[in-house]
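A.B. asks: Build the full structure now, drawing on both the sequences and the hints.
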Amino acid sequence: YIRRNKSPVHGFYFLTSTFQRRLWPRIERVNQRHEMNTDASLLFLAERDHYARLPGMNDKELKKFAALISSQLFMMYEELSDAWVDAHGEKESLFTDEAQAHLYGHVAGAARAFNISPLYWKKYRKGQMTTRQAYSAIARLFNDEWWIHQLKGQRMRWHEALLIAVGEVNKDRSPYASKHAIRDVRARRQANLEFLKSCDLENKETGERIDLISKVMGSISNPEIRRMELMNTIAGIERYAAAEDDVGMFITLTAPSKYHPTRQVRKGESKTVQLNHGWNDEAFNPKDAQRYLCRIWSLMRTAFKDNDLQVYGLRVVEPHHDGTPHWHMMLFCNPRQRNQIIEIMRRYALKEDGDERGAARNRFQAKHLNRGGAAGYIAKYISKNIDGYALDGQLDNDTGRPLKDTAAAVTAWASTWRIPQFKTVGLPTMGAYRELRKLPRGVSIADEFDERVEAARAAADSGDFALYISAQGGANVPRDCQTVRVARSPSDDVNEYEEEVERVVGIYAPHLGARHIHITRTTDWRIVPKVPVVEPLTLKSGIAAPRSPVNNCGKFTGGDASLPAPTPSEHAAAVLNLVDDGVIEWNDPEVVRALRGALKHGLKTPNRQQRNGSPLKTHEIAPSARLTRSERMQITRIRVDLAQNGIRPQRWELEALARGATVNYDGKKFTYPVADEWLGYSTVSEWNL
Numbered sequence: 001y002i003r004r005n006k007s008p009v010h011g012f013y014f015l016t017s018t019f020q021r022r023l024w025p026r027i028e029r030v031n032q033r034h035e036m037n038t039d040a041s042l043l044f045l046a047e048r049d050h051y052a053r054l055p056g057m058n059d060k061e062l063k064k065f066a067a068l069i070s071s072q073l074f075m076m077y078e079e080l081s082d083a084w085v086d087a088h089g090e091k092e093s094l095f096t097d098e099a100q101a102h103l104y105g106h107v108a109g110a111a112r113a114f115n116i117s118p119l120y121w122k123k124y125r126k127g128q129m130t131t132r133q134a135y136s137a138i139a140r141l142f143n144d145e146w147w148i149h150q151l152k153g154q155r156m157r158w159h160e161a162l163l164i165a166v167g168e169v170n171k172d173r174s175p176y177a178s179k180h181a182i183r184d185v186r187a188r189r190q191a192n193l194e195f196l197k198s199c200d201l202e203n204k205e206t207g208e209r210i211d212l213i214s215k216v217m218g219s220i221s222n223p224e225i226r227r228m229e230l231m232n233t234i235a236g237i238e239r240y241a242a243a244e245d246d247v248g249m250f251i252t253l254t255a256p257s258k259y260h261p262t263r264q265v266r267k268g269e270s271k272t273v274q275l276n277h278g279w280n281d282e283a284f285n286p287k288d289a290q291r292y293l294c295r296i297w298s299l300m301r302t303a304f305k306d307n308d309l310q311v312y313g314l315r316v317v318e319p320h321h322d323g324t325p326h327w328h329m330m331l332f333c334n335p336r337q338r339n340q341i342i343e344i345m346r347r348y349a350l351k352e353d354g355d356e357r358g359a360a361r362n363r364f365q366a367k368h369l370n371r372g373g374a375a376g377y378i379a380k381y382i383s384k385n386i387d388g389y390a391l392d393g394q395l396d397n398d399t400g401r402p403l404k405d406t407a408a409a410v411t412a413w414a415s416t417w418r419i420p421q422f423k424t425v426g427l428p429t430m431g432a433y434r435e436l437r438k439l440p441r442g443v444s445i446a447d448e449f450d451e452r453v454e455a456a457r458a459a460a461d462s463g464d465f466a467l468y469i470s471a472q473g474g475a476n477v478p479r480d481c482q483t484v485r486v487a488r489s490p491s492d493d494v495n496e497y498e499e500e501v502e503r504v505v506g507i508y509a510p511h512l513g514a515r516h517i518h519i520t521r522t523t524d525w526r527i528v529p530k531v532p533v534v535e536p537l538t539l540k541s542g543i544a545a546p547r548s549p550v551n552n553c554g555k556f557t558g559g560d561a562s563l564p565a566p567t568p569s570e571h572a573a574a575v576l577n578l579v580d581d582g583v584i585e586w587n588d589p590e591v592v593r594a595l596r597g598a599l600k601h602g603l604k605t606p607n608r609q610q611r612n613g614s615p616l617k618t619h620e621i622a623p624s625a626r627l628t629r630s631e632r633m634q635i636t637r638i639r640v641d642l643a644q645n646g647i648r649p650q651r652w653e654l655e656a657l658a659r660g661a662t663v664n665y666d667g668k669k670f671t672y673p674v675a676d677e678w679l680g681y682s683t684v685s686e687w688n689l
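For what it's worth, UniProt numbering labels the leading residue of the sequence shown as 1, then goes sequentially.
No wet-lab data here; the hints were simulated from the structure.
Don't take each hint at face value.
[Stated by the list, open to error] Derived lysine-lysine pairs resembling BS3-like cross-links, with alpha carbons at most 25 Å apart:
| hint | residue 1 | residue 2 |
| --- | --- | --- |
| 1 | 351 | 258 |
| 2 | 438 | 215 |
| 3 | 380 | 179 |
| 4 | 204 | 215 |
| 5 | 152 | 60 |
| 6 | 152 | 179 |
| 7 | 530 | 204 |
| 8 | 122 | 287 |
[Unchecked claim] Estimated spans, in silico, between C-beta atoms of each pair:
| hint | residue 1 | residue 2 | range |
| --- | --- | --- | --- |
| 9 | 37 | 514 | 41 to 51 Å |
| 10 | 648 | 85 | 35 to 45 Å |
| 11 | 33 | 451 | 53 to 63 Å |
| 12 | 71 | 361 | 52 to 62 Å |
| 13 | 361 | 58 | 43 to 53 Å |
| 14 | 361 | 423 | 53 to 63 Å |
| 15 | 514 | 68 | 40 to 50 Å |
| 16 | 373 | 97 | 35 to 45 Å |
| 17 | 504 | 5 | 52 to 62 Å |
| 18 | 153 | 356 | 27 to 37 Å |
Yeah, the Cβ is synthetic: ideal placement off N, Cα and C, and Gly gets one too.
C.D. replies: What follows is the structure in structure tokens.
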């Protein structure tokens, strides 16, 4: 902009006074916070400069970098395993909690150099890690796809933090999230939508198929349905509070000024945005501010418990114009406890930097809610943070822009920083509410459970959240004491890290026993690609004698010359009619070309950036090829044993070995006992050279 519209003098002035003095220190501080953690490990010190380029790294380079990290960690694991065997004499010594914790500590410790927290790291630090947990965590660190996912998330947040530092995220530039983040989130959602449109849900038993996108749009993944559920929840909370004679409060919590990258200065009737130099020392990002708010809320809840105070309601998280989060909380309590609750919240909200200018006015606000007005008061914040519904003509206080237009930026902000926007406080679980609504409407389950469970079902069936709270035992009831809870069961399938995955199967009543489960999900479905359909059509043949039965079919001579040319599928249908009539044979080259063209025309162009099948789990294994539980346990041991020999097997090779097959690796044949013959953690194998 300066080069196009200003003189070189203006450019020099910008570089020396604005960029070098004001922006560059902020950029350096952000990069320092995200740089490689050499205190955790020096293994990847040679890749320090490479990692520093992550914010501008393209996908191809990022994937290569992820493969480099996983391969070096695998080599480190091999060397450590060999050293352990040399020190303890036998390979069987590797299959102990002590050995795997030792290996995990070194490998995961090295991975922490990339600012990640490996799975089960806290358990390892407490000395509570098991062999199974170590296997699962280490398997992730050897997986290229896992590292790609981690690095992409870091790249997105690092890049956004740099844009925040240079002032690209504020009400004058791009409020809530940068334009780059909004485009990135929109592109990812569009890619996900195209993937959903290209897949079906298939019944595993009957083969019945239904459209996947229709099911997704009928769930709370649809912003409109999500908003309606939240509004119904708020109305139910308010009705329950009225029945209990509780009073409402509207609380706003804001982080200290050092968490805000910008500040607003009033000039006349308007406000102008300036860089906040108090932010420069720490360069906090929105995730840091969210952690601060969660921490003080935890202290408040502890104080409530110590003083026998109870609150319940809903929390909404939304960003300031510069991306710093703040909380709006609709809380209800006993009238006699309200003043004490407000004082406790005020004390902890101002505990850190409470003496700074404007802290008492801006950091904590509490308003009393009139009975019946809570839902209307918080509805604006819910719509603003989801889809902008019913906000026509209303302006945003932070930016002065229409509230309806800010929903995309706010949702992009939440997606970029992984911040949950809505959370209930002190209320019964929403999972049980949704599972109860899956039951057939109007069908009682009192005979199977009791009247308490039936009351919860009837309340959920009618959508009366106030009655549902009462049926579950009321607000602030521990989960184990609630009437209905969600029942989960291990799935038949395992994930790519050989872990059992628990899935929701139904409901149960804790007071009647956890074994008494009512199944709400009776059908097993799997995600499969759509099958292209070639519709057969009957076409008029040519009047004149054709040159050949194929290349003239579908051609019309005479009459209206403006008729459209047949599509590849129509052409193929006409060819099939000729085959059925015996005019031509199946092996005719023209027939093959016609059918191939129809199939290619019907297939969608694959998105090379999108994985086939579900991106979160492996492809479905045919029922006849499923592994037993003992075989799945055996696969983990086989993988570790092969790793000692420098072999990284593929999934199908591991499954074959678990069933007793022989696999040749560079001239060496490996055979393992079948599951019934496997004794403990033995790794006896036959070498056929």
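A.B. asks: What are the numbers of the hints that this structure violates, sorted from low to high?
C.D. replies: 10, 14 and 16
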